[in-house]
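Taken in order, these protein sequences are the chains called A and B.
For the first sequence, full-length UniProt numbering assigns the number 1 to the initial residue and increments by one for each residue that follows.
For the second sequence, full-length UniProt numbering assigns the number 1 to the initial residue and increments by one for each residue that follows.
No wet-lab data here; the hints were simulated from the structure.
Any given hint might turn out to be false.
Pair by pair, the computed Cβ-Cβ distance ranges are [unchecked claim]: (1) Leu191/B to Thr317/A: 50 to 56 Å; (2) Arg9/B to Gln386/A: 50 to 56 Å; (3) Asp111/A to Ala248/B: 43 to 49 Å; (4) Ala230/A to Arg9/B: 19 to 25 Å; (5) Phe58/B to Glu77/A: 43 to 49 Å; (6) Asp419/A to Asn164/B: 34 to 40 Å; (7) Leu191/B to Asp226/A: 30 to 36 Å; (8) Thr75/A to Val90/B: 50 to 56 Å; (9) Ala230/A to Ile311/B: 32 to 38 Å; (10) Leu26/B to Thr75/A: 56 to 62 Å; (11) Asp97/B to Glu171/A: 42 to 48 Å.
Among the chain A residues that face chain B by a calculated CB cut under 8 Å, a handful are [claimed, not checked]: (12) Ser44; (13) Thr46; (14) Ser48; (15) Ala398.
Calculated from the model, a selection of chain B residues having no Cβ within reach of chain A, i.e. all distances over 10 Å [to be verified]: (16) Val17; (17) Pro187; (18) Asn270; (19) Val314.
The structure displayed is predicted, hence computed values, not measured ones.
Ideal placement from N, C-alpha and C gives every residue a C-beta, glycine not left out.
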Amino acid sequence: MRATRGQFRVVVVGGAALALVLAACGGGEEDGDGGEGGGDEELSGTVSFIGSWSGDEQDSFLAMVAPWEEETGVTVEYTGTRDLSQQLTTGIASGNLPDIAGLPGPGPMNDWYGQGALQPLDFVDFDTYSGATPEGFADLGMSEDGTLIGVFTKAAVKGLIYYNTAVWTAEPPATWADLETAAGGLATGETAQWCVGLESGATSGWPATDWIEDIVLRQAGPDVYDQWVAGELAWSAPEITAAFETFGSVLENSYGGSDYIVNTAFGRGANPMFEDPPGCVLHHQASFITDFFVNEAGATPEQFDFFPFPDIDPQYTGGVTGGGDLIGMFNDTPEARSLIEYLLTPEAQQIWVERGGFISANSGVPLDVYPDETSMRSAEILQNAQTFRFDGSDNMPAAMSDAFNRAMVAFAQNPGDLDSILAGLDETQTDAYAAD
Amino acid sequence: MLVDLFENRLALALIVVLGVPAVLVLYIVAVEALLTRVSRRVSAAVRPWLWLAPALGFLGVFLVYPTLATIYRSFQNRRGDAFSGLENYVWFFTRSDTLIALRNNVLWVLLLPLLVVALGLGIAVLVDRVRYEVVVKSVVFLPMAISFVAAGVIWRLMYDLNPNTGTLNAALDLVNGPRVAWLSTSPINNLMLILVGVWMFTGLAMVILSAGLKGISAELLEAARIDGANEREVFRFVILPLLAPTIAVVATTVIIFALKTFDIVYVMTNGNFETDVIANTMYKELFANGQQGRAAAVAVVLLLATVPVMILNVKRFKQQEEVR
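Bound conformation, chain A alone (with noise of 0.2 Å):
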C-alpha cells in the first residue's frame, strides 16, 4: 500500500521536476549553446558512478538520476560496492576510476586531493549549496587549502535513541541523567536498559563508535570532540576515558552480556526490543535502522519511535552528530559537471526523499514530502541543528579508524582492559596522524 502510494509520488514528482530541468534547458538547445550544466559542448556517452547504495538505494539514485539522463541523453552507469574504501584506494593505484563516486569520508576525499586524483568543484556555486545547508556542512566537503573537492546529497542523523512505543511512554528525556533513571526504571527482570549490537564483518565495531562520538559531543563539547578527531588529543586524555566510562556503563546494562554484543550483527541488533517481554527497553543508531527494525525484527512501525540523543553536560547543548554521502570527482568531463549540478538540486534530491530512505541536508527541500514521520524529524534535527559534527571516526585517518572500530570490539568484550585498549589507540594515533 505504501509503496505504490509512494511510486505514484515519485511518477508526479519526477515529471515536475523533469518539467522543471526541460524548461530551464529548453532553449539553450533549440539555439544549440548547451544546457545548465556548465558546459558549452553537447552533453553525450556515458557518466560512470560508484557508490555505496545497493539494493532499494540503488534503484531511488537511478529514478533521482532518470529526469537528468533522459534530458541530456547521457546514461549514468551506476556501480555499487560494499566497500567504497578498498575499491578507490585499489582504482588510484591503478588508475581506473569512476568520473564520479561516492567518498568514504573527509579524511580519505584529504588524501586522495593531495594525491591528485580527485578534481576541484570549482563549478559548483559555493554561496548557493552552503546557504542551503546546516552551518559548517558544507566546509566538511573543503580540501585544506579552501578548494570544495566534495559535495553532500544524502545525509544521515546520527544518535538517535530508539524505543518500542509500547514500553517507552515517558516523553523524551532532556538530559542523560533522566533518560538514565527512567530506563533504569523501566529494565527489571527479563528486560535490560539497552541493545548493542557490534557484528558489521569488516567494520565490526562501528556501531559503538558512533556511542563514543555522541557522548564525547556533548559531555565534553565541539572543541575536544574536533581536537580529538584531528588527533591533536590523545586517547588516553580524561575526556575521552570518560567517554569510554560513560559508555561502558551503557554496555553493563545492555541486553545479553558482551557475547551477545560482539557477535550480533547490527542490523539485528535491537531485534529482543521487539520480543516479549522485551529484552531491552533503548536502542541507539541513526536513522536508517528503522528498516531493519521492520524487516529484520518485523516490527511495524507504529511499535517504534525515537527521540534525539539528550545532552550530557547543559553548557554544550544541541548538538548532533552525523554523517553524509559526499560525491567526489575523479574525471573532469562536461557530464560529470553537470551530473553533480544536478544532484546538489533540492529538485533531484526530493525524488528520493520521497521514495524514502532520505534525508536532505538542503533546506530547499520542504519538511512536508517526508514520507514518514522518522526522516522527516530527522531532517528537522539535522536543519535546526546548533552544533553539528561530522561522523568522527570517518574523519580520521584510515587506519585510525580501522582501529577504533576494533577497540570497540575489544572494549565490548572486557571493558576491565580500558586503559591497555586506550594505549593501544595512542599508539595508532601518533603513527596513522603522522605525515608519513
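Given chain A, work out where chain B should sit, using these hints.
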C-alpha cells in the same frame, strides 16, 4: 587502440587465447629457421636457451620483478618516496597485534596439516575396505568445490551465538549445555577457524592419499600378512613408509595454504578476538591503511616463512629424481 581492445573483452579474450600461443609457435619456428644457418655446435649450445627465453621472460616479468620490487618497497616509507631502513620490520616484530597474527599463523601451520593429513589418511585407509567407498569419498570431497569465502559464511552461521541460526549452539541447547560464543572466545576461536580449513582440505588429502594407497601392490600387503604382521603392523611398517612421499606432498600443500590463509579469517572474524593472521595484516595495511611499505614488509616475512618449506620440497624432488 589499446583502450578499445580492453573495452571489447571478447576480442581481447580471443587475442589472448589464440594470439599468444600463435606468437609462441611462430617464435619457435623462427628460432629453428635461424639455427639451421649456423654450425651444429653453436646451435646445440644456443637452442635450449632460445627455447627457454619466452618462459624465462614471463617468469621475470610476473614473478622475479614483483618479488624484487616488493622487497625494495619494504624498506621504504608509507608513500614510497624515501628509505626508512628496517622501520617496517621493527614495526612488524614489536606490535602486539602483529605478533598475535604471527602466533596464530604458527597455530595454523601446526594444526591444519596435522588434522588434515590425519583425517584424510584415516578416511582413505578405512573406506578402502568398504563397498560404498565412492559415496563416502564424494561426500568428503564436496567442500573442496566451495569457495573459502562461502565456507566462511556457512561456518559463521554454524557457529552463530543465536541457537535459531547457530547449529552448534542449537545442539548445545538440546543437551542443556551453556551456549558458547565460538568466534569471540579466545583461544578456542582459533581452533574453530582452523576446523573450517580442515573441513575444506580433508577431501583433497583423502583423494590424493587414497590414490597413493591404491598404488601399493596387493602382493606386498599379502606378503606382510603371511609373514605374520597384524593389520596395525601392516599399516605402521608397510603402508605408512610407502605413503610417506604422498603424505609429504599433501602436507606441503596444506602448510603453504596455512601460511597464506586469509579468506576464512577475513570473513569470519576479520582478525578481531585475537584471531588475526599475517595475510590479513598485509591486506589491512595495504588496502585499509594505505601503508604500502608495511604491507610489503609483511609480504616479505611471509615469503621468508615459505622458503624452508620450498627448500624441503625441492630436496625431495631431487631425491625422487635420483631414485628414478
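The hints, checked one at a time:
For Leu191/B and Thr317/A, the Cβ-Cβ distance of about 51 Å falls inside the hinted range of 50 to 56 Å, so the restraint holds. Take Arg9/B and Gln386/A: their Cβ atoms lie about 54 Å apart, and the range 50 to 56 Å holds. Between Asp111/A and Ala248/B, the C-beta spacing of about 48 Å keeps the proposed range 43 to 49 Å intact. Between Ala230/A and Arg9/B the beta carbons are some 46 Å apart, a value that contradicts the proposed interval 19 to 25 Å.
At roughly 34 Å, the beta-carbon separation of Phe58/B and Glu77/A lies outside the given 43 to 49 Å, and the hint is violated. Between Asp419/A and Asn164/B the C-beta distance comes to about 37 Å, which sits within the given range of 34 to 40 Å. A beta carbon spacing of about 45 Å between Leu191/B and Asp226/A contradicts the range 30 to 36 Å that was offered as a hint. The beta-carbon spacing between Thr75/A and Val90/B, approximately 51 Å, falls within the hinted interval of 50 to 56 Å.
A beta carbon spacing of about 50 Å between Ala230/A and Ile311/B contradicts the range 32 to 38 Å that was offered as a hint. At roughly 42 Å, the beta carbons of Leu26/B and Thr75/A sit outside the given window of 56 to 62 Å. Separated by about 46 Å at the C-beta atoms, Asp97/B and Glu171/A satisfy the suggested range of 42 to 48 Å. Because the smallest distance between the Cβ of Ser44/A and any Cβ of chain B comes to about 17 Å, over 8 Å, the interface hint for this residue is violated.
The beta carbon of Thr46/A is not positioned within 8 Å of any beta carbon in chain B (closest approach about 12 Å), and the interface hint is therefore violated. Taken as an interface hint, Ser48/A does not check out: its beta carbon lies about 12 Å from the nearest beta carbon of chain B, beyond 8 Å. For the restraint placing Ala398/A at the interface with chain B, the shortest Cβ-Cβ distance is roughly 5 Å, inside the 8 Å limit, so the hint holds. For Val17/B, the shortest C-beta to C-beta distance to chain A comes to about 23 Å, beyond the 10 Å cut-off, and the non-interface label holds.
Listed as outside the interface, Pro187/B is consistent with that label: its C-beta sits roughly 14 Å from the nearest C-beta of chain A, beyond the 10 Å cut-off. With a least beta-carbon separation of about 5 Å from chain A, Asn270/B fails to lie farther than 10 Å from that chain, contradicting its non-interface assignment. With a minimum CB-CB distance of about 34 Å to chain A, Val314/B clears the 10 Å threshold, and the non-interface call stands.
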